[in-house]
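Number of protein chains: 2
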Amino acid sequence: MREIAEEAGILSGSLYHHFDSKESIVDEVLRTFLEDLVARYRVAIQSGSDARTVLAEMVRIGFSTLEPHRAAVTVMQNDWNYLRSLPDNRFDYLVKAEDEVERMWIEQIKRGQAAGQFRGDVDPKLTYRMIRDTIWVAVRWFRPGGRLNPAGLAEHYVKVLFDGLGIGDRVSQQV
Amino acid sequence: MREIAEEAGILSGSLYHHFDSKESIVDEVLRTFLEDLVARYRVAIQSGSDARTVLAEMVRIGFSTLEPHRAAVTVMQNDWNYLRSLPDNRFDYLVKAEDEVERMWIEQIKRGQAAGQFRGDVDPKLTYRMIRDTIWVAVRWFRPGGRLNPAGLAEHYVKVLFDGLGIGDRVSQQV
DNA sequence: GTCTATAATTTGATAGAC
DNA sequence: GTCTATCAAATTATAGAC
Chain A
899 MREIAEEAGI LSGSLYHHFD SKESIVDEVL RTFLEDLVAR YRVAIQSGSD
949 ARTVLAEMVR IGFSTLEPHR AAVTVMQNDW NYLRSLPDNR FDYLVKAEDE
999 VERMWIEQIK RGQAAGQFRG DVDPKLTYRM IRDTIWVAVR WFRPGGRLNP
1049 AGLAEHYVKV LFDGLGIGDR VSQQV
Chain B
899 MREIAEEAGI LSGSLYHHFD SKESIVDEVL RTFLEDLVAR YRVAIQSGSD
949 ARTVLAEMVR IGFSTLEPHR AAVTVMQNDW NYLRSLPDNR FDYLVKAEDE
999 VERMWIEQIK RGQAAGQFRG DVDPKLTYRM IRDTIWVAVR WFRPGGRLNP
1049 AGLAEHYVKV LFDGLGIGDR VSQQV
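So the sequence lines, in the order shown, correspond to chains A and B. Just remember that the working numbering sits 898 ahead of the position in the first sequence, which is counted from 1. Just remember that the working numbering sits 898 ahead of the position in the second sequence, which is counted from 1.
Simulated from the structure, these hints should not be mistaken for lab results. C-beta atoms are modelled at their ideal positions from N, C-alpha and C, and glycine is treated no differently.
Label-pair distances were calculated between CB atoms; the ranges are:
#1 B:Pro985 / A:Asn987: 37 to 45 Å
#2 B:Pro985 / A:Arg968: 23 to 31 Å
#3 B:Pro985 / A:Gly1014: 54 to 62 Å
#4 A:Glu965 / B:Asp918: 40 to 48 Å
#5 B:Ser922 / A:Asn1047: 34 to 42 Å
#6 A:Gly946 / B:Ala903: 56 to 64 Å
#7 A:Asp997 / B:Glu1005: 36 to 44 Å
Listed below are the simulated BS3-like cross-link pairs for lysine-lysine, each with C-alpha atoms no more than 30 Å apart in a straight line:
#8 A:Lys920 / B:Lys920
#9 B:Lys1023 / A:Lys1023
#10 B:Lys1057 / B:Lys1008
Produce the complete structure using the sequences and hints provided.
See the structure below:
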């Protein structure tokens, strides 16, 4: 709280005029982030595009939140398990939001598999988790002004995710 | 410290008979982990196999540490930046170890590109970071006894990483 | 090698003046 | 809306008995 107040240019006691607790600050940061994220996912999904296009767009949306929602993504990374373990039900919406997001991703992965755009021999849920992790953990090393911006990260990842690092006869490698 | 002592079945004061500070505990946990990890990477690299085989093995090694080195991986995830920021130089070896590990991975990626096993239009360093993140963050949700063991996670990831999620004419998708 | 007791510091939060 | 002053609890660490 003292560090937050210092960043804001006031003393820690003054923070309690704006928020009634540390949890309330976290709450506002996370709600804003999740509402924005889910809304943008919905737009991508409702675009009517094929699964591969939608999934690529969702990857781009994810990376694009790293800058505007850096604090939220960091808190999600570091304190997710802690916030969920709190005795009050204050952060129950986190699980609700995560479940909805997971459903969105998995639906697109399954739709792509059904349409023959994605290979059928991967587990949709596990694949979602790995995509999710890759995007959000980038907040730990990503710094604005570096060699690549979030859009560049997204394009690189989409390339590897969809087409793979390897070169060669795809079919013969699918055992 | 109280929680660690409780897990050990003693009181917190008694811990200081075995370690002179909290940092010393973290230090021992991380050193053990990094020595094991680097040694196993070296074995894989010195096997003389082609880059693709070595890289797949390095992925397997990474996932296989999630169970035996769960505490270390968790601390690396949560406290890496903090440990590096400490005024004393006690954890300088973390950066040294990370640099060495990064060199190992990037060398294999570049070797695979030179040999035509990996596509040349991906950034080796960025690709390494994404592989690294995907492996280690799994510690946050991976629980022994679940649907998949670490070896299963590794095989799934190797499949997606090398061959991609997509199906179709690879060349036409490389713009 | 562990316990009891306690020191020293950090941290979230409050009361009331201005 | 911010500051001063301070509280209460938590947390790392120490001293000395057993």
